[in-house]
Amino acid sequence: MITPRIGLLAPGLAALLLPLVATSRGDEPTAAGMTVLPSESGPLVALRVIVRAGSQDDPKGREGLAALTAAMVAEGGTKELTYEQVLRRFYPMAATLSGECYKEVSVFSGVVHRDNLAAYEALVAEMIAAPRFDPTDFERLKTEALDYLTSTLRGGNDEELSKATLQAALYPDGHPYGHVEQGTVTALKAITLDDVKAFHRAHYARSNLVLGVAGGADRAFAAKLAADLSRLPADGAEPPELPAPPLPRGLEVTIVAKPSADSTALALGFPIDVTRRDDDFYALAVANSYLGEHRTFNGRLMQDLRAKRGLNYGDYSYIEIFIQEGASTFPVPNNPRRQQAFSIWLRPVPHDKVAFALRGALWELDRLVRDGLSPEDFEATRSFLLNYSKLWVQTLPRRLGYAMEGSFYDRQSLVQELQDRLPKLTVEQVNAAVRKHLNAPGLRVAIVTRDAQALADLLKSGKPTPITYDTEGTPEEVLAEDKVIAAFPLGEVRVSIVPVEAMFEK
Amino acid sequence: MRRTWTWTLLLGLALASPPARAQDVTAGPKAIFPYPIRRTVLDNGLTVLSVPYDSPGIIAYYTVVRTGSRNEVEAGLTGFAHFFEHMMFRGTERYSQEAYNAELKKLGADSNAFTADDWTCYHITVAASALEKVVELESDRFRNLKYDEAGFQKEARAVLGEYNKSASSPFLILFEALQGTAYTAHTYRHTTLGFLDDIKAMPNQYGYSLVFFKRWYRPDNCTIVVAGDVDHDQLVNLCKQYYGGWKAGTAQIAIPAEPPQREERTKALTWPTETLPTVVLGYHIPAADPGNPDTAALQALAQAVFGETSPLYKQLVLDEQKVVVIEAEAESKRDPGLFVVLTRVRSPGEMAEVQRRILDALADAARTPVDPARLAAIKAHLKYAFAGALDSPDAIANAVGASIAATGRPDSMNALYAAFDRLTPDDLRRVAAAYFAPQNRTIVTLVAQPKEEKAR
Numbered sequence: 160m161i162t163p164r165i166g167l168l169a170p171g172l173a174a175l176l177l178p179l180v181a182t183s184r185g186d187e188p189t190a191a192g193m194t195v196l197p198s199e200s201g202p203l204v205a206l207r208v209i210v211r212a213g214s215q216d217d218p219k220g221r222e223g224l225a226a227l228t229a230a231m232v233a234e235g236g237t238k239e240l241t242y243e244q245v246l247r248r249f250y251p252m253a254a255t256l257s258g259e260c261y262k263e264v265s266v267f268s269g270v271v272h273r274d275n276l277a278a279y280e281a282l283v284a285e286m287i288a289a290p291r292f293d294p295t296d297f298e299r300l301k302t303e304a305l306d307y308l309t310s311t312l313r314g315g316n317d318e319e320l321s322k323a324t325l326q327a328a329l330y331p332d333g334h335p336y337g338h339v340e341q342g343t344v345t346a347l348k349a350i351t352l353d354d355v356k357a358f359h360r361a362h363y364a365r366s367n368l369v370l371g372v373a374g375g376a377d378r379a380f381a382a383k384l385a386a387d388l389s390r391l392p393a394d395g396a397e398p399p400e401l402p403a404p405p406l407p408r409g410l411e412v413t414i415v416a417k418p419s420a421d422s423t424a425l426a427l428g429f430p431i432d433v434t435r436r437d438d439d440f441y442a443l444a445v446a447n448s449y450l451g452e453h454r455t456f457n458g459r460l461m462q463d464l465r466a467k468r469g470l471n472y473g474d475y476s477y478i479e480i481f482i483q484e485g486a487s488t489f490p491v492p493n494n495p496r497r498q499q500a501f502s503i504w505l506r507p508v509p510h511d512k513v514a515f516a517l518r519g520a521l522w523e524l525d526r527l528v529r530d531g532l533s534p535e536d537f538e539a540t541r542s543f544l545l546n547y548s549k550l551w552v553q554t555l556p557r558r559l560g561y562a563m564e565g566s567f568y569d570r571q572s573l574v575q576e577l578q579d580r581l582p583k584l585t586v587e588q589v590n591a592a593v594r595k596h597l598n599a600p601g602l603r604v605a606i607v608t609r610d611a612q613a614l615a616d617l618l619k620s621g622k623p624t625p626i627t628y629d630t631e632g633t634p635e636e637v638l639a640e641d642k643v644i645a646a647f648p649l650g651e652v653r654v655s656i657v658p659v660e661a662m663f664e665k
Numbered sequence: 002m003r004r005t006w007t008w009t010l011l012l013g014l015a016l017a018s019p020p021a022r023a024q025d026v027t028a029g030p031k032a033i034f035p036y037p038i039r040r041t042v043l044d045n046g047l048t049v050l051s052v053p054y055d056s057p058g059i060i061a062y063y064t065v066v067r068t069g070s071r072n073e074v075e076a077g078l079t080g081f082a083h084f085f086e087h088m089m090f091r092g093t094e095r096y097s098q099e100a101y102n103a104e105l106k107k108l109g110a111d112s113n114a115f116t117a118d119d120w121t122c123y124h125i126t127v128a129a130s131a132l133e134k135v136v137e138l139e140s141d142r143f144r145n146l147k148y149d150e151a152g153f154q155k156e157a158r159a160v161l162g163e164y165n166k167s168a169s170s171p172f173l174i175l176f177e178a179l180q181g182t183a184y185t186a187h188t189y190r191h192t193t194l195g196f197l198d199d200i201k202a203m204p205n206q207y208g209y210s211l212v213f214f215k216r217w218y219r220p221d222n223c224t225i226v227v228a229g230d231v232d233h234d235q236l237v238n239l240c241k242q243y244y245g246g247w248k249a250g251t252a253q254i255a256i257p258a259e260p261p262q263r264e265e266r267t268k269a270l271t272w273p274t275e276t277l278p279t280v281v282l283g284y285h286i287p288a289a290d291p292g293n294p295d296t297a298a299l300q301a302l303a304q305a306v307f308g309e310t311s312p313l314y315k316q317l318v319l320d321e322q323k324v325v326v327i328e329a330e331a332e333s334k335r336d337p338g339l340f341v342v343l344t345r346v347r348s349p350g351e352m353a354e355v356q357r358r359i360l361d362a363l364a365d366a367a368r369t370p371v372d373p374a375r376l377a378a379i380k381a382h383l384k385y386a387f388a389g390a391l392d393s394p395d396a397i398a399n400a401v402g403a404s405i406a407a408t409g410r411p412d413s414m415n416a417l418y419a420a421f422d423r424l425t426p427d428d429l430r431r432v433a434a435a436y437f438a439p440q441n442r443t444i445v446t447l448v449a450q451p452k453e454e455k456a457r
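Chains A and B, in that order, give the protein sequences.
Quick note: the first sequence uses my numbering, first residue 160, plus one each step.
Quick note: the second sequence uses my numbering, first residue 2, plus one each step.
Think of the hints as simulated: they come from the structure by calculation, not from any bench.
Be aware that one or more of the hints could be misleading.
Okay, derived cross-link-like pairs now, BS3-like style, lysine-lysine, Cα gap no bigger than 30 Å in a straight line [claimed, not checked]: (1) LYS201(B) <-> LYS268(B); (2) LYS467(A) <-> LYS147(B); (3) LYS665(A) <-> LYS323(B); (4) LYS356(A) <-> LYS323(B).
Required output: the full structure, derived from the provided sequences and hints.
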């Protein structure tokens with residue numbers, strides 16, 4: 160699972176002299192570590208700087224430092240300008256620098272009209288290379304991060320809470336992936352401005368950068384961006400080793416006790432030893448699309464749990480940790496990880512149907528592993544993915560992001576890999592990959608619910624949990640399946656209950 | 002999957018001039034919407050628009066229905082436009098739900114829909130080569146939708162699931178309260194999701210759902226908008242072939258007008274878990290109308306008073322750090338909407354002070370003209386923000402759809418942006434004085450419930 164190379168980028172190379180990044184259309188070869196996708200057809204320019212520094216690099220006791228540093232870069236001043244002055248420069252361009260911190264990278268990106276390109280580039284390069292580290296910005300951004308943990312995650316978004324709980328459960332015992340990017344309350348309170356400066360100095364280095372521009376900008380512009388960032392130190396810290404996450408056995412359930420929850424949010428999964436680097440990833444991508452393509456009705460989960468049974472608003476599955484981009488259907492590009500997990504997301508269900516819904520998800524996964532895809536379903540899903548994936552790169556920033564992404568896995572962009580590999584794939588290969596990787600001996604389950612103890616007792620009892628519909632006309636074949644689902648074996652169940660106010664505390 | 006309302010800071014759109022009869026909806030040389038919109042109206046009233054845009058091999062196919070939660074005039078039936086949007090995916094005589102999904106799957110389409118106050122939008126992003134198939138599928142379900150009661154009831158519970166997933170955020174009850182308090186008669190008083198009691202009762206409304214379909218899903222109430230790699234003539238020929246037999250006959254119903262608000266209204270909410278204290282204000286403003294110079298001024302005022310370069314933002318967010326977020330939007334709606342201000346405050350103790358500073362800033366806007374250089378920056382911001390958002394066939398079609406929803410015209414953004422250009426500091430001052438009066442406002446606050454009360 161963990162490849163011999165230490166970092167995501169090819170090892171042993173200095174500064175920006177990294178191998179050329181393959182890009183999909185019209186790109187020009189540039190200084191390495193740089194993607195340029197010029198295009199004449201519109202007035203916009205997309206710019207992206209990926210820094211190989213993420214929450215995995217948070218020192219122990221300083222969880223949230225990487226995210227706070229990214230925020231200080233994107234939402235703080237520069238050496239020359241206060242943040243207020245930065246905002247006043249950005250404002251008439253209607254452009255910003257977005258800064259997102261993920262597990263392994265921080266991504267700085269923006270889109271600007273060609274009219275404003277030079278001014279935008281100069282400002283953005285300054286923000287990345289020479290942040291102001293103003294104490295006022297620091298207080299503001301630190302408080303924002305604290306508020307996100309205590310107010311939004313704990314109190315304002317049960318779906319994100321369940322997913323964050325799952326992440327922590329998948330990567331326990333101090334694993335670098337185990338905390339949410341924003342950190343913990345205790346760690347955030349301990350982080351100092353000097354910590355942020357030190358983190359920036361250590362990680363925001365030329366060896367850790369991948370740059371990209373797309374749209375109405377040319378090679379000269381790209382070179383200027385690289386030159387403006389060259390004041391950064393040459394060599395950055397290496398990413399940490401990742402311990403192999405422990406594989407769950409039976410159902411290892413974490414219930415977040417939230418007395419005010421009006422419905423119950425669930426997420427479940429287990430680590431898998433597959434990333435885009437691996438041939439099996441592409442086989443699994445077909446199987447995963449069949450099981451639960453995100454926010455489509457193509458997945459079995461959606462068809463069976465939502466459409467046939469009206470359990471909830473949506474049910475999806477993933478072979479990569481998925482972060483939705485805004486309100487779109489697609490994931491953010493540039494969230495590369497050395498370790499991935501298979502997961503199922505069940506959107507909130509009524510309290511009285513939780514055990515049934517959980518069993519339904521397990522039943523679907525079990526069916527997939529046992530029966531695989533039929534040749535017809537395989538053909539239909541493959542055809543779907545080949546067409547659907549082209550929609551992932553409609554906008555300039557997404558096209559750029561995907562083009563830059565392949566290098567993290569020593570592959571072409573995901574879209575290109577799918578185009579190349581899927582036509583050669585067979586249904587036998589897909590089903591073999593499913594049996595090899597998705598037949599786990601156990602799962603982590605994260606649940607956010609009102610009556611935690613009652614649910615824990617119910618799950619541990621192993622008692623069948625039939626569903627009672629408050630609607631009429633459920634077809635006979637569905638009712639017959641319901642009997643099977645209601646009694647689906649949970650195996651060995653271990654439950655820990657965490658009060659919501661303790662989540663993300665330390 | 003079926004998005005409903007979202008509280009976004011969409012830029013408003015407004016009507017330019019009387020509807021053109023020409024085939025092309027042409028724009029002036031410096032129009033903010035730089036793409037030609039080609040237009041044909043079929044005999045049955047269906048409007049077909051195409052917007053060529055450089056996205057080789059891809060189109061966004063939008064069906065804009067000029068019906069939304071605004072149309073829900075009957076008691077006990079709020080949330081129905083949204084629920085019906087769900088039902089539109091439940092099959093026809095020809096294509097069962099499963100068959101329809103299988104067809105979309107074959108095409109590799111990204112298909113979804115959303116409902117808002119003024120419109121319901123069905124959108125498919127797909128390969129341009131799939132145009133005929135999409136026209137066939139879409140025309141079929143808009144004409145021949147057919148679902149049984151069992152499926153209807155199950156979908157009602159998926160809609161309840163949508164309410165449930167939204168209900169863990171305080172913004173749901175905040176906007177329910179803002180709308181429910183600011184409006185007493187007009188249907189904007191309920192959110193697009195609808196009242197929870199009405200949602201729970203939806204399984205019983207099968208008969209009404211068929212009435213709803215016949216009432217609103219008519220060609221004269223719909224516009225097809227196709228953006229991207231599209232040929233207008235080919236599109237029109239296909240639409241004539243597949244939609245031609247669809248009969249016009251959109252219902253006319255009276256939407257109760259909202260009487261003028263005569264005194265300030267307030268509502269205080271609590272939230273059972275830790276959350277940032279939140280204040281939302283709403284002032285009644287005119288419907289989206291490019292003929293009304295106030296519309297552009299109100300949009301500019303949202304930026305001037307609450308934008309990231311406003312004095313209030315600097316004080317409250319950056320310097321004193323009393324608030325985490327503060328933003329405003331002048332709603333662009335078919336009937337009179339609200340100028341909405343939202344802020345999340347760091348601590349309950351600061352709420353009164355922050356509220357006072359907001360009201361002071363609005364009062365000041367009514368007295369003190371904005372600096373001309375700042376107004377120029379605001380105009381540039383609005384212009385570049387709009388241009389920057391037009392980055393895909395979806396974005397193009399969405400902008401056109403939103404314009405139709407509010408004004409009936411696809412290109413009203415051009416008139417709006419022309420109006421922005423003409424704005425003077427005194428326009429903003431005059432408009433602020435006209436609308437930000439105490440008797441015109443509704444204030445909703447939300448705080449975490451004190452721990453002592455939790456035991457109840």
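To see whether the hints hold, each was checked on the structure:
1. A hinted pair counts as satisfied when its Cα atoms are at most 30 Å apart, and LYS201(B) with LYS268(B) qualifies at roughly 25 Å.
2. For the suggested pair LYS467(A) and LYS147(B), the alpha carbons sit about 16 Å apart, so the restraint of at most 30 Å is met.
3. Of the pairs offered as hints, the one joining LYS665(A) and LYS323(B) holds, with about 26 Å between alpha carbons and a cut-off of 30 Å not exceeded.
4. Between LYS356(A) and LYS323(B), the direct Cα distance comes to roughly 25 Å. Compliance with the 30 Å bound is thereby established for this hinted pair.
Against the hints set out earlier in the document, no violation occurs for any number.
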